[in-house]
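Q: Listed below, chain by chain, are the residues.
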Amino acid sequence: MSIDILMPALSPTMEEGALAKWHVKKGDTVKSGDVIAEIETDKATMEVEAVDEGVVEEILIPEGTEGVKVNSPIARLSGGDGVAAAPPPPAQAEQPEPTPASPPPAAAPTSSSPSGGGGPPPGPAGGRPEDKLRGGEGPAPTPAKPGARVFASPLARRLAERKGIDLSGLTGSGPHGRIVKADIDAAQPGARAPSPAPGAAPPHAPAAPRQVQTLEQMGIAPGSYDLIPLDGMRKTVARRMTDSFRDVPHFPLTVDLEIDRLLDARARINAALEKQGIKVSVNDLVIKAAAVALKQVPEANASYSPEGIAMHHHADVAMAVAIDGGLITPIIRAAETKGLAQIATEAKDLAERARTRKLKPEEFQGGTFSVSNLGMFGIRSFASIINEPQGAILSVGAGEKRPVVRGDQLAVATVMTVTLTCDHRVVDGAVGARWLQAFKVLIEDPVTMIV
Amino acid sequence: MATDFDVIIIGAGPGGYVTAIRAAQLGLKTAIVEREALGGVCLNWGCIPTKALLKSGEVFEQLGHLGDYGISVDKPAYDFGKVIERSRKVAAQLAAGVAFLMKKHKVEVIEGTAKLEKGAPAPKVVVALKAGGLRSVQAKNVILATGARARTIPAAGLEPDGDRIWTYREAMVPKACPKSLIVVGSGAIGIEFASFYRALGAQVTVVEALPRIVPVEDEEVSVAAKKAYEKRGMKFYVGANVKKLSKTRTGVSVQVEAGGKSETLEAEAAIVAVGISGNVENLGLEALGVKVDRSHVVIDEHCATGVPGLYAIGDVAGPPWLAHKASHEGVHCVEHIAGLKPSGLTAPIPGCTYANPQIASVGLTEAQAKEKGLDVKVGRFPFRVNGKAIAAGETEGFVKTVFDAATGALVGAHMIGAEVTEMIQGYALAITLEATEAELHATVYPHPTMSEAMHESALDAFGKVLHI
Chain A
5 MSIDILMPAL SPTMEEGALA KWHVKKGDTV KSGDVIAEIE TDKATMEVEA
55 VDEGVVEEIL IPEGTEGVKV NSPIARLSGG DGVAAAPPPP AQAEQPEPTP
105 ASPPPAAAPT SSSPSGGGGP PPGPAGGRPE DKLRGGEGPA PTPAKPGARV
155 FASPLARRLA ERKGIDLSGL TGSGPHGRIV KADIDAAQPG ARAPSPAPGA
205 APPHAPAAPR QVQTLEQMGI APGSYDLIPL DGMRKTVARR MTDSFRDVPH
255 FPLTVDLEID RLLDARARIN AALEKQGIKV SVNDLVIKAA AVALKQVPEA
305 NASYSPEGIA MHHHADVAMA VAIDGGLITP IIRAAETKGL AQIATEAKDL
355 AERARTRKLK PEEFQGGTFS VSNLGMFGIR SFASIINEPQ GAILSVGAGE
405 KRPVVRGDQL AVATVMTVTL TCDHRVVDGA VGARWLQAFK VLIEDPVTMI
455 V
Chain B
7 MATDFDVIII GAGPGGYVTA IRAAQLGLKT AIVEREALGG VCLNWGCIPT
57 KALLKSGEVF EQLGHLGDYG ISVDKPAYDF GKVIERSRKV AAQLAAGVAF
107 LMKKHKVEVI EGTAKLEKGA PAPKVVVALK AGGLRSVQAK NVILATGARA
157 RTIPAAGLEP DGDRIWTYRE AMVPKACPKS LIVVGSGAIG IEFASFYRAL
207 GAQVTVVEAL PRIVPVEDEE VSVAAKKAYE KRGMKFYVGA NVKKLSKTRT
257 GVSVQVEAGG KSETLEAEAA IVAVGISGNV ENLGLEALGV KVDRSHVVID
307 EHCATGVPGL YAIGDVAGPP WLAHKASHEG VHCVEHIAGL KPSGLTAPIP
357 GCTYANPQIA SVGLTEAQAK EKGLDVKVGR FPFRVNGKAI AAGETEGFVK
407 TVFDAATGAL VGAHMIGAEV TEMIQGYALA ITLEATEAEL HATVYPHPTM
457 SEAMHESALD AFGKVLHI
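Going down the list, the sequences are from chains A and B. Counting from 1 along the first sequence, just add 4 to a position and that's the residue number in the working numbering. Counting from 1 along the second sequence, just add 6 to a position and that's the residue number in the working numbering.
Since the hints were made in silico from the structure, they are not lab data. All residues carry an ideal CB built from backbone N, CA and C; glycine is no exception. Watch out, some of these pointers could steer you wrong.
Stated by the list, open to error - If you only want the chain B side, here are some residues facing chain A, beta carbon under 10 angstroms, derived: (1) L107; (2) K109; (3) H111; (4) E114; (5) E117; (6) G118; (7) T119; (8) S349; (9) G350; (10) I355; (11) T413; (12) A415; (13) E440; (14) A441; (15) A444.
To be verified - Below 20 angstroms or equal to it, Euclidean Cα-Cα: the simulated SDA-like pairs (lysine to any residue) are: (16) A/K185 / B/L439; (17) A/K185 / B/T438; (18) A/K185 / B/K181; (19) B/K347 / A/I313; (20) B/K347 / A/P179; (21) A/K185 / B/K124.
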């Protein structure tokens, strides 16, 4: 029985895309998980994987075709029963979040962002459906090392138990980080709603359990919904985001960037790299520019701690990647020292392994700055939540043609809006603004990145 | 400006010399200025030599009770000169030990009297050398550890006269043991001398202005102490003001006013032990703008005075006037200077009085705990039902523990009895570790020891006492 492979939709709003490349040809045998094609949208390039086994009976849409409608057949597979590779249509987008674009790193810092997916910003077409078929296994990034002994005084333990405070979420102020009574006292300033982080509170004020009403108390009838248990990743995301949004003084700075020259540069770079089989996404360029800007404005590459401001030596740029059931932020280390080809290669590898949950903890813990990208969903601008302990996070919106004023004339340019969310304890307004200025120059005139 | 040292410490008492050792260990180039003797009052005229005296007194006093142990000796006697001599030898031995430690750690000892002048990055230290001449040294940090001395009240005659009216200093080296003695002040110093001279047979009267003796201790301890010392033959006047202390032809006379009545007491000698004054004079502190409050330098949580590069620790920085408090502060201070992040100075400081019986305490008294608004649980256990105490013939005293009822945290412990000064650190450790009754109950205490009373007291506070 033959199965049609359909043009996948990357986002609920995607209507068409370009079939950039076929990785299989007629007669090839494919099995579940094989990459069979690459699809581009204006924001991302993504790979399409086979869902079922079979032999490619027919390629229906040739490589390089633009404007392929979502859900139209692009190839036919024989032998399999079941559905072909076509990814589940987006639509069921109620789920945690749509997956990120493929090859290029998705953006949206694990902890940050509204909904994480990220894909490279503007770029030629195509998105790839998320591959829900796997997921499941693999280590979810857990915050604390489970099972590690928590050092706390007997009194601290007793008080924490009474107050329902999780000791593993606290940093102790006693010798060797031992948790003492004072830490517990400081930890629960008011077991109520979001209390502003008291200045004196120890780092990581533990989330005192908020007194949350049950859904029923809030008028949702029992039986009117299905309850999905919280898994480790969901709990981690919930805790880290809550802590950060409550305790870190956030503020956003927004700027518009014209990216025509960037897109042009990308096309030329990719032409040059074609032989090596490397494709640079706009997101890769954003990561590179962010890293260079962090080098130029080192005050933005900093972390707040009660002991002082940590000025990081390198720009370790975390990129948010949405994965089944949550998101994760793999890190391009010392990105300011790396060329675009290397960044693109690493980003692709990290994003892939993120989705298969094959990342090692050191690959997603400890970045100094984050990039979150929701451009592929058509989001124009948004402000991510700080990914502690980083001093700032960049939210990248969609690149789209917009009217711009040049002199007194209206003109059309491809414009991308980005927002830098800053931790005001370490990145003040002027510092954030200077960073955006530097970033803007690099993006709008990409040649400056190689200076 | 170039500096000669990283740290200069002024005063080589238990605060200063320990600070110097720690500074040197941390790699800081360190000097210490001492105008008199290494080891300060503690080693030379305080803690240590008094313990030697008290031991002599205790041994002699025991001889009077040998029959209780089935032993008899003929006419026990003491040689007062040799008792004093032993005490001086002990002090000399330890002072020599301090000199060795300074040398070992390459701390430069500057003998002379220091005065501070404006300087940068810390005040300049100008030393009038014992050997003659001035030496001016500039360090990055200066730590005042000048200590304290006996407080005197000249208006009431409460000052040493070089003959029969003594402070702790003269009381440590008299030519003979007085037959009768009046001690003004019943703090640790007053009570220790009262205990020593009483042990050697002097008629001792203690005058205390406050309503109870050892007034910093828990009230129950004060009551028990008074009873125990009275049993040994001491007399007490509490709530009694000394109007006038004066010398007579044969001794001293003290005019005491208590409860509206005036009385005149007479004795061969008197000891003035009415508190402590910080050594803040002639250091140039006023010119530097150092804040001084009632003879003590005001410091912050890292012992900084507010004047750049100038710190103060120990007695000169305020009560409690205890050697271990001084060295604890000194280590903290110099670790802070070295850029380490020492734990805060929050640990409770135990207090010990080496009279017979001894008194030891740490943390809050029951009254202090209540003043802080705590709902308390109090445990008590007397040594008279402790096996080891009975076997040793040391059944005087008890152990009292104070817990915060709300959390079970141990907040204070108060002991009176034999060798309780050696046991109090168990409770000090418990409080520092933030132990609750659960840990104190779960800990195994060796049998037979007096420390079992510590266990029982903690059990008693929660209605679980076993041996009563």
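Q: May I ask you to test the interface hint for B/S349 with respect to chain A, counting a Cβ-Cβ separation under 10 angstroms as satisfied?
A: Holds, about 5 angstroms.
Q: Between A/K185 and B/K124, is the straight-line Cα distance small enough, at 20 angstroms or below?
A: violated, 42 angstroms
Q: Quick one, is the B/H111 hint okay against chain A at 10 angstroms, beta carbons?
A: violated, 24 angstroms
Q: Does B/E114 hold up as a contact with chain A if the rule is Cβ-Cβ below 10 angstroms?
A: violated, 32 angstroms
Q: Just to be careful, I want the Cα atoms of A/K185 and B/K181 compared with a cutoff of 20 angstroms; is the pair within it?
A: violated, 54 angstroms
Q: For the restraint on B/A415, tell me whether the closest CB of chain A is nearer than 10 angstroms.
A: This interface hint holds because 5 angstroms falls under the 10 angstroms limit.
Q: Just to be careful: measuring from the Cβ of B/I355 to every Cβ in chain A, is the smallest value less than 10 angstroms?
A: Because about 18 angstroms separates B/I355 from the closest Cβ in chain A, which is outside the 10 angstroms limit, the hint is violated.
Q: Classify the hint on B/G350 as holds or violated, based on whether any CB of chain A lies nearer than 10 angstroms to its CB.
A: At about 8 angstroms, which falls below the 10 angstroms cut-off, the nearest Cβ of chain A leaves the hint on B/G350 intact, so it holds.
Q: Identify whether the interface hint at B/T119 stands, where standing means a beta carbon of chain A within less than 10 angstroms of its own.
A: Cβ of B/T119 sits 39 angstroms from chain A, so the hint is violated.
Q: Given a cut of 10 angstroms on the nearest C-beta pair, is the interface hint for B/A441 held or broken against chain A?
A: holds, 5 angstroms
Q: With the threshold set at 20 angstroms, check whether the alpha-carbon distance from B/K347 to A/I313 stays at or below it.
A: Holds - the C-alpha atoms of A/I313 and B/K347 are around 16 angstroms apart, at most 20 angstroms.
Q: May I ask you to test the interface hint for B/L107 with respect to chain A, counting a Cβ-Cβ separation under 10 angstroms as satisfied?
A: violated, 25 angstroms
Violated hints for the displayed structure, listed by number in ascending order: 1, 2, 3, 4, 5, 6, 7, 10, 18 and 21.
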